[in-house]
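Starting from the known structure of chain A, arrange chain B on it as the hints suggest.
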Amino acid sequence: MSEFIDIKKIGKVYERKIALSSLSLSVKKGEFIALIGPSGAGKTTLLNLLAATLPPDQGEITIDGQLLAEMTDQKKRAKKIGIIRQQFDLIGELPVIHNVLAGKLSEWGIMKSLLSMFFPQDKQDAILALTRVGLRDKLYERTSALSGGEQQRVALARLLIQNPEIVLADEPVASLDPARAEDILALLVKIASEGNQTLIASLHSVEYAKKYFDRLIALKDGYLFFDLPASSVTDAHIASLYKLKEQA
Amino acid sequence: MERSWWNYELHKRKIVSFSLLLVFLWSLTSINWNKDLFHSGGLNTAKQIGAAIFSPDLSNDILLLALESSLTTLSYAVAGMSLALVIAFFWGILASGVLFSISKNNRYVKRFFRGHLGFMRAIHELVWAWLFVASIGLSPFAAIFALAIPYGGILGKIFADMLEDVRTEPIKALEAAGAGKWQTLMYGYLPMVRASIVSYAMYRFECAVRSSAIMSFVGIGGLGYQIQLSLDDLQYNQVWTFVFFLIFLVLLIDMWSNFLRNQLTSVNRAIKQLKTSVFLMILLLIGSWLSIFTIENANLSAVFTKENLHYTIQFFKGLIGIGEDQPAFLSSESWANALSLTWETLLMSIIATGFATIAAIFTMVPAARNVADGSLTLAKKWHGWLSFGMVRSGYIFTRAVPELIWAMIIIFVFKPGILPGAIALALHNYGILGKLLAEVIEDLDSRPIRNLASCGANKIQILLLGVLPATLPRFLTYILYRWEVIMRTTIVVGFVGAGGLGQQFKLSMSFFHYTDITLFLFFYLVLVYAADFISEKVRLVIK
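Protein chains in written order, with the working numbering: chain A, 26 to 273; chain B, 764 to 1306.
Simulated from the structure, these hints should not be mistaken for lab results. Here the structure is a predicted model, which means the values were calculated and not measured. Every residue, glycine too, gets a C-beta built ideally from N, C-alpha and C. Take these hints with a grain of salt, some might be off.
Which bits of chain A does chain B cover? Going by a derived footprint, with three or more residues having C-beta under 8 Å, they are [unchecked claim]: (1) 97-107; (2) 127-138.
Anything over 12 Å on all C-beta distances counts as not near chain A; from chain B, calculated [claimed, not checked]: (3) PHE781; (4) ASP820; (5) SER822; (6) GLY881; (7) VAL929; (8) GLN946; (9) PRO954; (10) MET1018; (11) VAL1041.
This is chain A alone, in the form it adopts within the complex (with noise of 0.2 Å):
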């Protein structure tokens, strides 16, 4: 199989501090990818470069063959990538189907999004990607009524209906209890493997990286620290990941 992610050589400097240093990465179609490594390290700017929010200052990302940065029509390039964050992405004052037929906007036409909001449009969709979050009894509940743990299940039900071909996944359960934080993320594993798609997520927790992800890459000062199947890192590679400078 063809490199279907390919990074090379990026860079992102903030004001002083560099974020990513000349990083290199190929990712395979349907891999499951886990980023950890310390605060600051690096995780969300690389997501924000992959997801095209941000430009790197140099190297070049190429997607299935075209560079992203000619991927120029945001509606085409939400069908290849798709986002979340923690669950303050939503719009808290509309029902949940609007945010969750959100998905369909890089679909639909202005037209087609103002009836919608009147007459929500493709409401099966919502329905059924609702189902499957386990949040069919919810359709019509006002998004800031719910707990966070269902808003991320809001979240996942759009990105359901988005469809797009990688899913990037930036601390995506950083704000929910342990229990919760499992549960969302064993659901975003199985989306992302019934639908065949490729997922990059940066997490906090090394357990759940090792348990749910097939490869996990270590960042570390906005260097690659180590790139390894997950079954192969062992304790000692992440303890030194977490080592602060001064015991060094």
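Structure of chain B alone, referenced to chain A:
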């Protein structure tokens, strides 16, 4: 670094307050304090007007007329507000810049529409009304447009600010899901600001009712018109009947808007009551426009006629002085005259703000709930709630009556000049400032105050050492804000002869001296923009 006693940062608020006080005291010297300020017999008239409060005319005819006038006033307010919302919607979106991607052009588009909104609200609704009457004639639409423009301006500005302050994460998420600019507007920005903008519009609705009442000046009926007629007939008992109806109407709207605002911002909304409110709003909207087209006989096609176009063109030609031998803005005499009027107007605004502030500061303590129930000072007095009730109803009373109507009444007692104008402005703003200041005290951290009280401090000491220092920054902010509003309104009280630019503005209108109007409008705008600028700078200093 050790801070010395003579530290600017430590004293800046006191310096600002003291300077403001000095400016106020100095402004008082511009008035000749003698008997000539009153009409001969003016004090007697004042007594009669005052006595009439307690015996309003409650005959059936008058009550019926008052009810009918209230409905007229309400319908114009609703019609004006509905147009204002349409203006605010489009201008607000354009002025917020959310529809454009980040680029240089975006900045200019934003600035253009923000400037436009600023201009719409810089000019008082009654001045707009004069301009409309002069160009399209006496028509209900003159009044409705005159209400819609400044209210559209302020609502649009607030709407644009709200859109700009929306949390960016959900919007970025929508964009990542492939939403275009219009779609992020529909699915992101608008739902996120919906509750806040409805709350703010409801709050403004109360003000719109008051503004609608004073539109009598451009020939529409309603409460203001009846008050004016009764005043001309010296029927003071009737005057108060109409004033009480106005107060009642304003209170009713105030209560409704308070209820709605609480509901919209609370988590547990009472859906049923909200639905009733929405239904009521639609009913009001339909009823108002219907009555304007039927009872008031408004005719939109009669507004946009060839004749009116001709008049409008004539009016604007007049404003810029085409066909005029000696346009006012080319004569140094007119400039000198306008300058001295501008100076007078500025003084009027300062005196008005000063009066309102002093009266509010003297009454705010008993008007605070936490003082009335004794929780702030730990001294519960039997008269706590009594004085609370009296001061608070005084606030409501003075606030509900628009400045212009106060001016119409006061002009019976005082001779024309800046003092009656300042008093009229002060009366209305006293009610507003008093309420705001009392609320600041209610929000006070009560612990230091209680400590003072238990140390044996008396009321004056508590006020000076406990209340004032903690509340001074917010007081100053509110006072400066009110000054901005008062500045916009100075021109309006002048219309009934309370001096300043407004008085001459009206005279020039009557004599068709349109180039004078241009000059006065120019100076008026200079005053308004200068007041906004100064107030903003001072507020930055005291922050």
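Fill in: No chain A beta carbon within 12 Å of PRO954(B)'s
violated (4 Å)
Discussion item. So is the region 97-107 of chain A in contact with chain B by the C-beta rule, three or more residues under 8 Å, or is the coverage claim wrong?
Written reply: holds (count 7)
Discussion item. Is the claim that VAL929(B) lies outside the interface with chain A correct, judged by CB distances over 12 Å?
Written reply: violated (10 Å)
Worksheet item: Holds or violated: is the Cβ of ASP820(B) farther than 12 Å from all Cβ atoms of chain A?
Response: holds (49 Å)
Item to complete: Count the residues of the region 127-138 of chain A whose CB lies closer than 8 Å to any CB of chain B, then report whether that count reaches three.
Response: Satisfied; 8 residues make the cut.
Discussion item. If we take the beta carbon of VAL1041(B), is the closest beta carbon in chain A still more than 12 Å away?
Written reply: Nearest chain A Cβ is 15 Å from VAL1041(B), so the label holds.
Item to complete: Verify that the Cβ of SER822(B) lies farther than 12 Å from every Cβ atom of chain A, and report whether the claim holds or is violated.
Response: It holds; SER822(B) is separated from chain A by about 51 Å at its closest Cβ, greater than 12 Å.
Fill in: Minimum Cβ distance from GLY881(B) to chain A greater than 12 Å, as the annotation requires
With a cut-off of 12 Å, GLY881(B) remains clear of chain A, as the shortest Cβ separation is near 29 Å.
Discussion item. If I take the minimum Cβ distance from PHE781(B) to any residue of chain A, is it greater than 12 Å?
Written reply: Holds, because the least Cβ-Cβ distance between PHE781(B) and chain A comes to about 43 Å, which exceeds 12 Å.
Worksheet item: Would the least Cβ to Cβ distance between GLN946(B) and chain A come out above 12 Å?
Response: Per Cβ check, GLN946(B) is inside 12 Å of chain A; nearest 5 Å; violated.
Item to complete: Could you check that no beta carbon of chain A comes within 12 Å of the beta carbon of MET1018(B)?
Response: holds (26 Å)
Violated hints, listed in ascending order, are 7, 8, 9; each of the other numbered hints is respected by the structure.
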